[in-house]
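Colleague: Modelling step: build the complete structure from the supplied sequences, incorporating the hints.
Protein chains: 4
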Amino acid sequence: MNQDLIARAQHTLETQPFSILLGTKVTKMDGSEVELSLPIRDELKQQHGFVHGGVLAYLADNSLTFSGALALLSNCVTSEMKINYVRPAIGEMLHARAKTAYSGSSQAVATCEIYVVNGGVEKLCAIAQGTIVKTS
Amino acid sequence: MNQDLIARAQHTLETQPFSILLGTKVTKMDGSEVELSLPIRDELKQQHGFVHGGVLAYLADNSLTFSGALALLSNCVTSEMKINYVRPAIGEMLHARAKTAYSGSSQAVATCEIYVVNGGVEKLCAIAQGTIVKTS
Amino acid sequence: MNQDLIARAQHTLETQPFSILLGTKVTKMDGSEVELSLPIRDELKQQHGFVHGGVLAYLADNSLTFSGALALLSNCVTSEMKINYVRPAIGEMLHARAKTAYSGSSQAVATCEIYVVNGGVEKLCAIAQGTIVKTS
Amino acid sequence: MNQDLIARAQHTLETQPFSILLGTKVTKMDGSEVELSLPIRDELKQQHGFVHGGVLAYLADNSLTFSGALALLSNCVTSEMKINYVRPAIGEMLHARAKTAYSGSSQAVATCEIYVVNGGVEKLCAIAQGTIVKTS
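Chains as they are written, first to last, in the working numbering: chain A, 1 to 136; chain B, 1 to 136; chain C, 1 to 136; chain D, 1 to 136.
Please keep in mind that the hints were generated in silico from the structure rather than gathered at the bench. Note that the structure is a prediction, hence the values are computed from the model and not measured. Please note that a few of the clues may not be correct.
Any copy will do: because identical chains look the same in the list, a pair fits if it lies in one copy or spans two.
[Claimed, not checked] BS3-like cross-link-like pairs, simulated, lysine-lysine; straight-line CA separation at most 27 Å:
#, residue 1, residue 2
1, LYS134, LYS123
2, LYS25, LYS123
3, LYS123, LYS99
4, LYS28, LYS99
5, LYS25, LYS134
6, LYS25, LYS99
7, LYS28, LYS134
Modeller: See below:
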């Protein structure tokens, strides 16, 4: 059943042209917890060879929205968020893991940790917090 | 001379593969104020036909970095930022305008407003604030 | 009339026991722009003799709420905010100036700059951004 | 020994006049995790009888600083933070629990959850994230 939920979330993700352009996958779901994964390729980098901060902000935004939508059981958007970049993202894979800290009748507050996998070793590279609101 | 500054900033932007993938241009510079512009195309959208929040967060991140770098006269990265999405971004063009509110010896705090142009009418769609730090 | 608006806002502020404890005054109002002022005294400081960051965060929170309430024409609360402290607040007076960047049917996004006056010279010491929502 | 650490942290807190004015206590410490507690009294409230958002922001700021200082083993200040208020704080006691998600050579990123205790029942009322930097 969890595989079925992941498949449905992946289907939603694939209705986002920008997520297709980047290559994001839904890789885990459990309650309001969701993991989005994104293989690193050169196109996602900035001038120093690290993943661009904008890619990490995209992953934060999207994983927060998914987590909030799971908690609110509704179509949602992220209305605001904050992200701290803590380490250059160098490696082969990104995992963004979001969970909902609070959900009410119309909005949720979720947090997200983004990890980069480099040579099989996973390290925290960003941490985010944001508000997710129902759109319908 | 301002055109020369813009050309140099555009050159820096073009060393970012992710900015090339998205199609961002440096369109104005004046003191620590910088404007990045990005033509909207389908690949940048989410499932409702609006520009993906991750694209706006990328523009905020990048314009904050440019503004801070102009104030700090150094290579810089954005170490953290916060963005509020205030309106769905629907239209043909995005303009992100950042300026530095404070700069010290090693870091700056900058703000950014992102506008969407739809049928020639420009509207605010996001507002951001962040910290920019020297990398060297 | 502006003096009348200020008097009414001051009256609202005085229904907040915490604002009375701190000693905050409404000193300017113009459209959605509002200025709250707070004389610095020892009780508001931290261990290094600067104004405590919590006092600045309180001023940000409160001035954002007032600005949003002026734009939304409703009772409001700040639902979230972000603050950057840019300089130690040393001096005799604080001025928090907030204005609304966007207001919709149920919420507003406002920004705030906090200045400290030291020997008659005013300097930026914090900058904030937040969401204000109607409560009724 | 943990009691000794708490006593030393409490001593530091008591060098902050603003924390004495409010009545904050250090109630737990474990690694980089710290809990600050604040009994609710009328002076800390806003006009609707809830704890003022500025008090919660103060607790977030202060607990983030303490957590970062424990991780960085240095005197520290919070350079920026973001707070989401998720529920009106009504009750008799506030507990702010902060922990450090990342610490480097000169700064740390920490998160904080603030709970209100009402009739013995504890509920989340705010969540925060911020950057803590060494001051010496």
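Colleague: Each hint should be assessed against the structure and marked as holding or not.
Modeller: Do the hints match the structure? See the list:
1. LYS134 - LYS123: between (32 Å within a copy, 23 Å between copies)
2. LYS25 - LYS123: Close inside one copy (19 Å), not across copies (32 Å); limit 27 Å.
3. LYS123 - LYS99: both (18 Å within a copy, 17 Å between copies)
4. LYS28 - LYS99: both (12 Å within a copy, 25 Å between copies)
5. LYS25 - LYS134: within (23 Å within a copy, 33 Å between copies)
6. LYS25 - LYS99: within (17 Å within a copy, 30 Å between copies)
7. LYS28 - LYS134: Within. Shortest intra-copy distance 22 Å satisfies the 27 Å Cα cut-off; inter-copy 36 Å does not.
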